[in-house]
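Protein chains: 2
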Amino acid sequence: MGEEEAVGRVRFGVLGCADIVRKVARAIGMAKGATIHALGSRSLEKAKAFAADNNFPTQTKLYGSYAEVLDDADVDVVYIPLPTTLHLEWAVKAAQKKKHVLLEKPPALTVEDMDKMIESFDRHGVQLMDGTMWVHHPRTARMAELLNNPQLFGNLKEVHSIFSYAASHEFLEKNIRSRPDLDALGAQGDIGWYCCRAILWANDYQMPQNVRAMPAPIFNAAGVIMSCGATFMWEVGRLATYHASFLSHATTNLTVQGTRGTLHVEDFCIPFEETNASFKFISDMKPKPLFLGWENRPDEHKVIAEVPQEVAMIEELSRIVKNIRDGEGKIDPFWPSITRKTQVLVNAVMESIHSNFDIVNIT
Amino acid sequence: MGEEEAVGRVRFGVLGCADIVRKVARAIGMAKGATIHALGSRSLEKAKAFAADNNFPTQTKLYGSYAEVLDDADVDVVYIPLPTTLHLEWAVKAAQKKKHVLLEKPPALTVEDMDKMIESFDRHGVQLMDGTMWVHHPRTARMAELLNNPQLFGNLKEVHSIFSYAASHEFLEKNIRSRPDLDALGAQGDIGWYCCRAILWANDYQMPQNVRAMPAPIFNAAGVIMSCGATFMWEVGRLATYHASFLSHATTNLTVQGTRGTLHVEDFCIPFEETNASFKFISDMKPKPLFLGWENRPDEHKVIAEVPQEVAMIEELSRIVKNIRDGEGKIDPFWPSITRKTQVLVNAVMESIHSNFDIVNIT
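Going line by line, the protein sequences match chains A and B. All residue numbers for the first sequence refer to the numbering used here, where the first residue is 1 and numbers rise by one. All residue numbers for the second sequence refer to the numbering used here, where the first residue is 1 and numbers rise by one.
Hints in this document: simulated from the structure, not taken from any laboratory. Incorrect hints may appear among the rest.
A short, non-exhaustive set of chain B residues, derived as facing chain A with CB atoms under 8 Å [as the list claims (entries may be wrong)]: (1) Lys-98; (2) Glu-158; (3) Ile-270; (4) Ile-359.
With a Cα cut of at most 30 Å, we get these calculated BS3-like pairs of lysine-lysine [stated by the list, open to error]: (5) Lys-286/B x Lys-46/A; (6) Lys-32/A x Lys-288/B; (7) Lys-286/A x Lys-280/B; (8) Lys-302/A x Lys-286/B; (9) Lys-174/A x Lys-288/B; (10) Lys-288/A x Lys-280/B; (11) Lys-61/B x Lys-288/A; (12) Lys-93/B x Lys-174/A; (13) Lys-46/B x Lys-286/A; (14) Lys-116/B x Lys-48/A; (15) Lys-98/B x Lys-280/B; (16) Lys-322/B x Lys-288/B; (17) Lys-302/A x Lys-302/B; (18) Lys-288/A x Lys-98/B.
Ideal placement from N, C-alpha and C gives every residue a C-beta, glycine not left out.
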């Protein structure tokens, strides 16, 4: 690339060497208009080793602290993949330094913490985007088109999502996502997050009126949730359910039913293949005479992704940030708004679980 | 066919001219070892017209009452497709005449009624089978083999089922399934039945310890349930959910998750095609490095059905009845046992709905 093009790119600074950084750093490297500028770890040696192991650009600034990344005047966006417990502190510090923020999910442990972050982002004119990748896949847009087609889909009635993976015994006791001091929302924050987002997405981000957690959630010895679910309710008889678990074999289903059609996708969060994805949709399924079978069956819709979904995410964030930097653009309020809505649902389920599975009103 | 073969066949007598009789009469006609012997309707003219319209054998005895079918000494099995409210009366009358019974689902409005029928069947040495067809499909047996393979599936953790169809406004107010005087269990008895059976089937018919109905069921103006769901719980952290609705587009999904595998079938109740059915199964789904996709994806398993599932049902019942008639066989207790278990679950959900969605213990 030319020097000029490189100079124009949006520069990402990364806090820490979490596993997910390997995937996101690769995406930043592949994304048009983005570049990795800095990596900070609690030890400079760790940052150096991680950068070398993961083919970071040789010019990447390597720091022995997170604070130095925020102090680097050339950093446009700070990527925060730290344990959730640390998000509030570092997101607010990044905002205070006028850095835009790419925040791993779950963004916060509580809605109160989320709102403190958002208040800080708003005050400092900073863009927030959370790290939910699948909403950036072109398949997601294609599915939304069908759900928004009243002839083919009718009115939305139900959304059902299942997300699970069978974690190892070690994971269930020691992984960050299983530790009350690091990611206290456990499976609900990790994978319940995706189900709640999918439910919101299918509802065109209209919030439900209330939620009731499913009975019999499972906690690990440290009291962190390993398996749970909920039913969300909207007025006018719309409903959604999900179940998320670290204890069942990998399953990532999303089914959306309207009055006239049904959508089903088996790999909604991470497509089986990076460049080819598919989903099933059927409109007006008709029984054969005597109900001996069905006249039609779900069509498989194939969608080509020009770039992996996480690259699309980085490109979208970089586009917004570049326009702001160039004085031509504004904060896009859509991204923080869906982040907050998802956080509200995630925590409403927890509230229901902790109040004997009562119905919790969502305000 | 030879006269001798025809004489040896198990002879079915049908009570009434419900729509479903057309499908089951066709199945009796196709099944090895079975024949339609009699049809009774409240009017002889209606019986004659129905038999002519549906190509019943010309020698079929046509009666202007249900009682005459029971009084026909040549009838071996009485098929009862009447509205559920009438099941107890006619099933007990059939048993008193020593007729074996094929009973449409839901078999009863309450477990108490179910138990009165079973008591009568037991006293008179009569075989009961309910009209749930899909359990007789060879696909079902093939799926059960995989679920029972601990290497491929591990331990059962979750079952999730969705069953819906978007009924017309007229259906929702006037159809038998929507009327409190005829089928007071509404959508729960009609399609919730299939979900409860599927959940039991996946659990090898082990009953859950308790159930909680999902919030926000929907009733029609007459107070009959049009949409509902529930969560069933087993000790050792096993769970099942379902949702059944007359208000959403046709969807018949079943997903079963173990610790090592996931099964998914989209047409579990009525296969898309009569002779070819399929399902998806995956064991040990592995992410690609960096979670850029998945190394493997669900395999589609195809199963050829020699005969439609309802024909397999009639053949199984006829085989049992013929053996009893010939003095070589006994009642098969499996069929009434799963009928009763399904009825218990269907009514436990109703009990939870009517007791403010409390958890109901299943005894």
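Provide an ascending list of the numbers of those earlier hints which the structure does not satisfy. 1, 12, 14, 15, 16, 18
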